[in-house]
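With the hints as extra help, turn the sequences into a complete structure.
Protein chains in written order, with our numbering: chain U, 22 to 341; chain S, 22 to 341.
There may be inaccurate statements among the hints.
Pairs count within a copy or across copies, as identical chains cannot be separated in the list.
[What the hints assert, rightly or not] Simulated crosslink set (DSS-like; lysine-lysine; CA at most 27 Å straight-line):
1. 338 - 280
2. 56 - 301
3. 123 - 253
4. 312 - 293
5. 316 - 101
6. 312 - 101
7. 220 - 83
8. 280 - 101
9. 253 - 113
The set of hints was computed from the structure by calculation and includes no laboratory data. Keep in mind that this is a model prediction, so the values were computed, not measured.
Letter by letter, the chains look like this.
Number of protein chains: 2
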Amino acid sequence: MKKLVIGIDIGGTNTIFGFVDKTGNTLWEGGIPTKGYPNVEDYLAALASAIKANLAIIPDSKSYEIVGVGIGAPNGNYYKGTIEEAPNLEWKGIVPIINLFKRHFDVPMILTNDANAAAMGEYLFGAAKGLRDFIVITLGTGLGSGIFVNGDLVYGHDGHAGELGHLIVNPNGRQCGCGRRGCLETYVSATGIKRTVFKLLADTMYPSELRSICFDNLTAEMIFQAAKKGDKIALMAFEYTGNMLGRKLADAVTVTSPKAIFIFGGLAKSGKLIMEPTQKAMEDNLLGIFKNKVKVMPSGLLDRNVAVLGAAALVWKQLE
Amino acid sequence: MKKLVIGIDIGGTNTIFGFVDKTGNTLWEGGIPTKGYPNVEDYLAALASAIKANLAIIPDSKSYEIVGVGIGAPNGNYYKGTIEEAPNLEWKGIVPIINLFKRHFDVPMILTNDANAAAMGEYLFGAAKGLRDFIVITLGTGLGSGIFVNGDLVYGHDGHAGELGHLIVNPNGRQCGCGRRGCLETYVSATGIKRTVFKLLADTMYPSELRSICFDNLTAEMIFQAAKKGDKIALMAFEYTGNMLGRKLADAVTVTSPKAIFIFGGLAKSGKLIMEPTQKAMEDNLLGIFKNKVKVMPSGLLDRNVAVLGAAALVWKQLE
Numbered sequence: 022m023k024k025l026v027i028g029i030d031i032g033g034t035n036t037i038f039g040f041v042d043k044t045g046n047t048l049w050e051g052g053i054p055t056k057g058y059p060n061v062e063d064y065l066a067a068l069a070s071a072i073k074a075n076l077a078i079i080p081d082s083k084s085y086e087i088v089g090v091g092i093g094a095p096n097g098n099y100y101k102g103t104i105e106e107a108p109n110l111e112w113k114g115i116v117p118i119i120n121l122f123k124r125h126f127d128v129p130m131i132l133t134n135d136a137n138a139a140a141m142g143e144y145l146f147g148a149a150k151g152l153r154d155f156i157v158i159t160l161g162t163g164l165g166s167g168i169f170v171n172g173d174l175v176y177g178h179d180g181h182a183g184e185l186g187h188l189i190v191n192p193n194g195r196q197c198g199c200g201r202r203g204c205l206e207t208y209v210s211a212t213g214i215k216r217t218v219f220k221l222l223a224d225t226m227y228p229s230e231l232r233s234i235c236f237d238n239l240t241a242e243m244i245f246q247a248a249k250k251g252d253k254i255a256l257m258a259f260e261y262t263g264n265m266l267g268r269k270l271a272d273a274v275t276v277t278s279p280k281a282i283f284i285f286g287g288l289a290k291s292g293k294l295i296m297e298p299t300q301k302a303m304e305d306n307l308l309g310i311f312k313n314k315v316k317v318m319p320s321g322l323l324d325r326n327v328a329v330l331g332a333a334a335l336v337w338k339q340l341e
Numbered sequence: 022m023k024k025l026v027i028g029i030d031i032g033g034t035n036t037i038f039g040f041v042d043k044t045g046n047t048l049w050e051g052g053i054p055t056k057g058y059p060n061v062e063d064y065l066a067a068l069a070s071a072i073k074a075n076l077a078i079i080p081d082s083k084s085y086e087i088v089g090v091g092i093g094a095p096n097g098n099y100y101k102g103t104i105e106e107a108p109n110l111e112w113k114g115i116v117p118i119i120n121l122f123k124r125h126f127d128v129p130m131i132l133t134n135d136a137n138a139a140a141m142g143e144y145l146f147g148a149a150k151g152l153r154d155f156i157v158i159t160l161g162t163g164l165g166s167g168i169f170v171n172g173d174l175v176y177g178h179d180g181h182a183g184e185l186g187h188l189i190v191n192p193n194g195r196q197c198g199c200g201r202r203g204c205l206e207t208y209v210s211a212t213g214i215k216r217t218v219f220k221l222l223a224d225t226m227y228p229s230e231l232r233s234i235c236f237d238n239l240t241a242e243m244i245f246q247a248a249k250k251g252d253k254i255a256l257m258a259f260e261y262t263g264n265m266l267g268r269k270l271a272d273a274v275t276v277t278s279p280k281a282i283f284i285f286g287g288l289a290k291s292g293k294l295i296m297e298p299t300q301k302a303m304e305d306n307l308l309g310i311f312k313n314k315v316k317v318m319p320s321g322l323l324d325r326n327v328a329v330l331g332a333a334a335l336v337w338k339q340l341e
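Printed below as a string of structure tokens:
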């Protein structure tokens, strides 16, 4: 029997799953909506039957054996197998996902947050192969991070380590969804760069195609397209975003001294527009002993579903 | 034969060594000046003969066997056994301490910076026994830190991780010895609190006994004594220092999620004056999921020579 791991990415809107082999090949992907199941047990029953239905129809399905389930989810607690107070999910409080899902699959299961899963994917299957100390930053609606130290993920005593998106840039800064002010993700994320565009539209008088788009409609992709056409506001927004990220990465380097920092997510696909100001600001702000040692680069899995791959990687790493 | 480890603390002015058994008892301490040896080989020869002379005269000396040497030194590189560009030592560039000292003692040797050694001492012999994730902050002339993750020290890819003293509080802030501005240790350290007193003397008109002392003469101990007598400026300086430290500890918790943070050094001996504002500012600034979980407390080794003990602990941990 060939071995497969089920990788599951629980997002606010949809849940994606995939069957991943030991080399990081995803044989099949499927999904169900996350929304619409106020009762988490109904949701898990629907997820389990979708997975089982898909497992039955993969080519040569009888030759595979499922050896584990890895789950990436917002506020996923590695130690307890619970999702805790996740603001974007319908289930409130502390949800014992692993205990409940074991009723459907009797195999080893691991849960962590999506950014930790991404870091594990990068380690086993991406650009971080062979590195013991590195950081993965995921830029989506918010900013997530997964930190490797001594060849393993940093979970911290409670399973919640690695929240670089909530490093405080400015105690009097932008309002954050976490209830505080000035967190890094209010500046550096798809939402952050949009807020920066609106600040620049307010502060300057440069003409910009972005002046005709309202806040609710503006996307990071539109800012990227405008920047490619030379739109000054869009270019300044990328510069500002990279600068903020670079400054805080300099702080993060001071703590764990990684060999490299990998950027994942939509904004990372903007390439040099985000990478160059980030690397420059980081270097400019690094303590002397760390200068010219740390690479900032795009994830090696930019075109893959890293959340599913990383969730599966959690299990493969443990089976090693 | 009973086993002993030699712990060595290389400071800018003096070098202290001690013979430490497995339970953390220091049987004997001695020392030589660090200054006055422009050639590092001369220094190490003098250190080796002082150690050998002391070893010969400890009670019951023939019943002991030396099983290792642990060294704590500024800018000590764990991976390479080198001291690198240490601003307070006479030897410039990269000094291969371990290779050179092995000519004198043919036993396993480990080198790291003094704050990492302190963290290892706390782990084996102090208040961090049994914890896998914690941070030790050492407050002296500067601010050093040693970070434990998953039950081991964080060295980073280059051996220099854990420089919390150089987290940037304010990019336009106080000038730091590292050549940058606004590093945490310019606010939180014996020197930092002194700078804060001078800022407060400038900004306010409160009467204070500290107004009669010049910058060169003021010590952290004088500020502590003034605070105990109710001196308003001294009290404000402790409040300000703890507030700055607490804010940055909130950031550090966000990265590695420690169970506890131990404060070591002269300022830690000021007790509540520093601990209370630190704990409060940390709590006020923590992300929700970390609130009411992380203890800030004095080191369990406040009255011991933690640098020597910690240096020896490095070896004991490895021998485990």
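Inset, instruction - Check each numbered hint against the structure and report the violated ones by number, ascending. - result: Result: hints 2, 3, 7 and 9 break, sorted rising.
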